[in-house]
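S.K.: The residues making up each chain are set out below.
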Amino acid sequence: MKSFISLFLILTMITLISGCLLLGKNKEYQPFETSGLDQLTPGRTTASEVTAMLGAPTQVVKLSNGNAYIYKRSLSKGTGLWLVIVSFGNYDKDYDQLVFFFDQNDVLRHYGVSLNARKASYGLPF
Amino acid sequence: MGSRFSIPLVLVTFLLSGTLLSACISYRFVRAVQGDEVVPPGDAFELGKTNLGEVLSVLGAPDKVAELKGKDLLLYERAVLQDSRLSLSIPLLDISGANVDLSGYGTLVRYDRLWLLFTPDSILRQMMFEKGSSHPYLKTLFKED
Chain A
12 MKSFISLFLI LTMITLISGC LLLGKNKEYQ PFETSGLDQL TPGRTTASEV TAMLGAPTQV
72 VKLSNGNAYI YKRSLSKGTG LWLVIVSFGN YDKDYDQLVF FFDQNDVLRH YGVSLNARKA
132 SYGLPF
Chain B
-10 MGSRFSIPLV LVTFLLSGTL LSACISYRFV RAVQGDEVVP PGDAFELGKT NLGEVLSVLG
50 APDKVAELKG KDLLLYERAV LQDSRLSLSI PLLDISGANV DLSGYGTLVR YDRLWLLFTP
110 DSILRQMMFE KGSSHPYLKT LFKED
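As you go down the protein sequences, you meet chains A and B in turn. Counting the first sequence from 1 gives a position; our numbering is that position plus 11. One point on numbering: in our numbering, the residue at position 30 of the second sequence is 19, and numbering is uninterrupted.
Chain A extracted, bound-state conformation:
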């Protein structure tokens, strides 16, 4: 009887762990080279100097008193877990973003930096 219960427990365990785990990662765009950001000086740096450093922006937005150049990169990580009759999925997407505000003469007024892409993580949804 004991051997039968042991066999039953083993079979139950095999059944329950006969799931599947999936880990996935998705990157959009290349990482930014942010080491030169210290050289940027509002009131002096021009739009062409910024594009020479970072390349073409992801998006340009016309504002009331100039333009905003937006550089964006994302990193997403997905986790999937299947356990017999239940399955769980988790998807986490974070961004690296640089936004430069230029006046009408294309001189830098302000800029903002958010480097959060590395915060994207694998995990379960609870």
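Hints were generated in silico from the structure; no laboratory data involved. It should be emphasised that the depicted structure is a prediction, and the values quoted were computed from it without experimental measurement. The beta carbon of each residue, even a glycine, is placed where N, CA and C say it ideally should be. Hints should not be assumed to be uniformly reliable.
As the list claims (entries may be wrong) - SDA-like mimics (lysine to any residue), calculated; alpha carbons at most 25 Å apart, straight line: (1) B:60 to A:56; (2) A:36 to B:21; (3) B:58 to A:120; (4) A:38 to B:69; (5) B:53 to B:33; (6) B:128 to B:88; (7) A:88 to B:28; (8) B:38 to A:118; (9) B:53 to B:68; (10) A:130 to A:41; (11) A:83 to A:42; (12) A:83 to B:48; (13) A:104 to A:72.
Unchecked claim - Cβ pair distances, simulated, as ranges: (14) B:77 to A:70: 42 to 50 Å; (15) A:17 to B:87: 38 to 46 Å; (16) A:40 to B:119: 25 to 33 Å.
To be verified - Facing chain B, according to a computed beta carbon distance under 10 Å, are these residues of chain A, among others: (17) 15; (18) 99; (19) 107.
For this one, chain A is given, so just place chain B on it according to the hints.
M.R.: For chain B alone, coordinates are given in the frame of chain A:
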């Protein structure tokens, strides 16, 4: 007097039922988060005094930038999606010619948003904050309005 059912038979039946049911019952739960946490501004910014540079130094780059009727809009946003699906089905195709299938799902997307409006000379004029993710999943999902 012995039991009418032997324990091994009950255990095997239980195991087989669990295995077979896995084809008939399934539950799925998915959570997706897009963007970093949006923090409430609190007293950090003052309308009419705080400028764009000060906001950017505290909050970093915004998720969206737009012009709105001669003013500049900065939007910080985070989206949280939760999705549950439950499916019950009985495969009777070989017996009755039709399958019984009952499924239900509920998807809820909530947004945390900080909305900042600046004058053309970069002074903060208006701000709004909404923390949609603070609403409970099931209660919000089943609320009719």
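S.K.: Each hint: holds or not?
M.R.: Hints, verified against the model:
no. : hint                      : in the structure
1   : B:60 to A:56              : holds (24 Å)
2   : A:36 to B:21              : holds (14 Å)
3   : B:58 to A:120             : holds (21 Å)
4   : A:38 to B:69              : holds (20 Å)
5   : B:53 to B:33              : holds (21 Å)
6   : B:128 to B:88             : violated (32 Å)
7   : A:88 to B:28              : holds (23 Å)
8   : B:38 to A:118             : holds (23 Å)
9   : B:53 to B:68              : holds (13 Å)
10  : A:130 to A:41             : holds (16 Å)
11  : A:83 to A:42              : holds (9 Å)
12  : A:83 to B:48              : holds (16 Å)
13  : A:104 to A:72             : holds (23 Å)
14  : B:77 to A:70: 42 to 50 Å  : holds (46 Å)
15  : A:17 to B:87: 38 to 46 Å  : holds (42 Å)
16  : A:40 to B:119: 25 to 33 Å : holds (29 Å)
17  : 15                        : holds (5 Å)
18  : 99                        : holds (5 Å)
19  : 107                       : holds (9 Å)
This entry does not satisfy hint 6, going by the numbered hints stated previously; all others are met.
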